[in-house]
Amino acid sequence: MRRIRKWGPGLLLVSPSLIALGVFVYGFIGWNVRVSFTSWRGLAPKYDNVGFANYRALAHDPRFALDVKHILVFTGVFVGGSLVVGFLLALLLERGVKGENLFRTVFLLPMAISFIATAIIWRWLLDNSGNHDTGLNRLLDLIGLDFARSDWHKTASVWAIAAIALPAGWALSGYIMALFLAGLRSVPDDLREAARVDGANEPRVFWHVVRPMLWPVVMSAVVILAHISLKTFDLLYAIDGKNINVDVPALYMWFTTFDGGFYARGATIATLLLLGVGLVIVPYIWYTVRSERHR
Amino acid sequence: MSAPTTTAPPVVAGPVTAGRTAIRSRWAPYLTTFRYLALFGLMLFFLMPVYALVITAFKHPAEVSVSRMWELPASLSFASFAAVWPKLQDGFLNSMMLAIPAALISSMLGAMNGFVLSKWRFPGADAVFPLILFGMFIPYQAILIPMTQTMTSAGLRGGLDGLILVHIIYGLPITTLIFRSYFVGISDEIIEAAQVDGAGMLRTFAFVALPIALPAFAVAMIWQFTSAWNDFLFGAVLTNRNYWPITITLNNIAGGQSVPFNEAMASALLACIPTVLVYILLGRFFMRGLMAGALKG
Chain A
1 MRRIRKWGPG LLLVSPSLIA LGVFVYGFIG WNVRVSFTSW RGLAPKYDNV
51 GFANYRALAH DPRFALDVKH ILVFTGVFVG GSLVVGFLLA LLLERGVKGE
101 NLFRTVFLLP MAISFIATAI IWRWLLDNSG NHDTGLNRLL DLIGLDFARS
151 DWHKTASVWA IAAIALPAGW ALSGYIMALF LAGLRSVPDD LREAARVDGA
201 NEPRVFWHVV RPMLWPVVMS AVVILAHISL KTFDLLYAID GKNINVDVPA
251 LYMWFTTFDG GFYARGATIA TLLLLGVGLV IVPYIWYTVR SERHR
Chain B
1 MSAPTTTAPP VVAGPVTAGR TAIRSRWAPY LTTFRYLALF GLMLFFLMPV
51 YALVITAFKH PAEVSVSRMW ELPASLSFAS FAAVWPKLQD GFLNSMMLAI
101 PAALISSMLG AMNGFVLSKW RFPGADAVFP LILFGMFIPY QAILIPMTQT
151 MTSAGLRGGL DGLILVHIIY GLPITTLIFR SYFVGISDEI IEAAQVDGAG
201 MLRTFAFVAL PIALPAFAVA MIWQFTSAWN DFLFGAVLTN RNYWPITITL
251 NNIAGGQSVP FNEAMASALL ACIPTVLVYI LLGRFFMRGL MAGALKG
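Chains as they are written, first to last, in my numbering: chain A, 1 to 295; chain B, 1 to 297.
Since the hints were derived computationally from the structure, they do not count as laboratory data. Remember, it's a predicted structure, so these values are computed and weren't measured experimentally. Even for Gly, the Cβ is constructed at its ideal location relative to N, Cα and C. Among these hints, one or two may not hold up.
Beyond 10 Å from chain A on every Cβ pair, some chain B residues (computed) [to be verified]: (1) Phe46; (2) Ser75; (3) Ala83; (4) Trp85; (5) Met96; (6) Ile100; (7) Leu104; (8) Asn113; (9) Phe115; (10) Gly158; (11) Asp161; (12) Val208; (13) Thr239.
Computed beta-carbon distance windows for the label pairs [as the list claims (entries may be wrong)]: (14) A/Gly30 to B/Ile190: 36 to 42 Å; (15) A/Asp48 to B/Pro211: 52 to 58 Å; (16) B/Asp126 to A/Asp198: 39 to 45 Å; (17) B/Ile100 to A/Ile19: 22 to 28 Å; (18) A/Val218 to B/Glu189: 34 to 40 Å; (19) A/Leu102 to B/Leu202: 41 to 47 Å; (20) B/Asp126 to A/Ile19: 16 to 22 Å.
Covered stretches of chain A, going by a simulated chain B footprint (3 or more residues, C-beta under 8 Å) [unchecked claim]: (21) 21-34; (22) 150-158; (23) 227-240; (24) 256-267.
Using the sequences and the hints given, assemble the complete structure.
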């Protein structure tokens, strides 16, 4: 009784939040999974049970197959690109350069801009319509790199969506830079110093001292980018949402549910999307919480 | 997740440079030049869309042409802004009216949760925390159908109230995380001293913990304001046209094919102003929010 009096008020204080999250996260996820086992179509909810019929249908749905291909291409290009650019930026800034604050501010600025505004800017930069080159193609002409001009996301191939990694990477590379910068700077100086005293040159210091300590940062960066990539919605919607070449599961779910009224199919896509994200994020949370406890 | 103070980049101190001079080879000056050149080049790439956005928005409508899009305007013109603001202002106000309360309330609740989960733990608190965290990573598509159904039956669909509520709830994981990380870094003795003085939990929270957590409050507020301002998905399903947030209005104005570029860019620029301003003025707190978002205290 005495113990309950001690921790009881704390539990009481957090219980509204816990209940709200319990309902809005776990309750709704369960409900959504339930919908994925129904034949609900149209505005009136219908809670029958068709088993895995919706999942089987998706497995044979050419649009969904295409979406999966797209999301894999996009994730590969976007995660890889942002990782490389973010790491490069951090490496360039690590030892302190004049005007570091200015550089950092510029590289992180896109994080403050909504995906919708980002999309509005980039859909113009990536535009390929009209008789004259515009946007990025025009810029490439101007600086004599016209061989690099492209139809970007209007290309008729599975790689069209790779062009969207450009705005997405523009938006998020700065974030990755910040993660790497914090990681690089948390390597104790005396460790590097000791290696230098032992006669190691800078590349060797990096490879043998800094690199092994960066793996947790790389892991965080990959997980963060991969889950953002799987969830990407606004950016694609506003750049060219109706273009089948940049269609992804998140967009398919949206259009089929809210335009088409195929609630059951939408719920099925959403469940699969959640599984994909969960596969990346659950081990990450588990690892983070566990390593905190061991500290 | 350690104390939030560790995220501040350590100052590159003298000894480091001193130590390096011994090994600094003949390549060093070239390396420095290369580093600045690379940084400058990358900065140009990052500023390229911003440049296009700003110069186009300030061009006189008659001056806007596809072939000259990268050229500076002959003179500054506010005509594009004047043309789009009447269409944009309702969305702008709606977003203000939803983002500020959403950020305030979510941060306040997050402060209480973070405090309890780090300093006034109940049995099972450690098991509950990862379950809370999971909520900030889920794809919202996975809760969208039940959420719209619930909000419809609760009569909270259409206006701003429902949207605010949803932003508060889905903001709880990150705000809880921000405050929990902050309080973990604060020594238990301060809390225990208050208890010895006979203060109960609420008093300890309100008079001891909360006043020292102001930096965490800034981080949480900024994060929540930015995500509520930039949200599109929730606004799209929960509001009707009178209550559309700025992102929806922006997408409707600037998303069409027939919209002149100068008007599209002027709208995008106006829609960015609040979050960019917050970022420029309070960048340090913005950074910490980002770190928290990656579970890096």
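So, going through the hints one by one against the coordinates:
no., hint, verdict
1, Phe46, "5 Å, violated"
2, Ser75, "22 Å, holds"
3, Ala83, "16 Å, holds"
4, Trp85, "16 Å, holds"
5, Met96, "14 Å, holds"
6, Ile100, "17 Å, holds"
7, Leu104, "15 Å, holds"
8, Asn113, "5 Å, violated"
9, Phe115, "8 Å, violated"
10, Gly158, "15 Å, holds"
11, Asp161, "15 Å, holds"
12, Val208, "14 Å, holds"
13, Thr239, "14 Å, holds"
14, A/Gly30 to B/Ile190: 36 to 42 Å, "41 Å, holds"
15, A/Asp48 to B/Pro211: 52 to 58 Å, "56 Å, holds"
16, B/Asp126 to A/Asp198: 39 to 45 Å, "42 Å, holds"
17, B/Ile100 to A/Ile19: 22 to 28 Å, "25 Å, holds"
18, A/Val218 to B/Glu189: 34 to 40 Å, "37 Å, holds"
19, A/Leu102 to B/Leu202: 41 to 47 Å, "45 Å, holds"
20, B/Asp126 to A/Ile19: 16 to 22 Å, "19 Å, holds"
21, 21-34, "holds (count 9)"
22, 150-158, "violated (count 0)"
23, 227-240, "holds (count 7)"
24, 256-267, "holds (count 5)"
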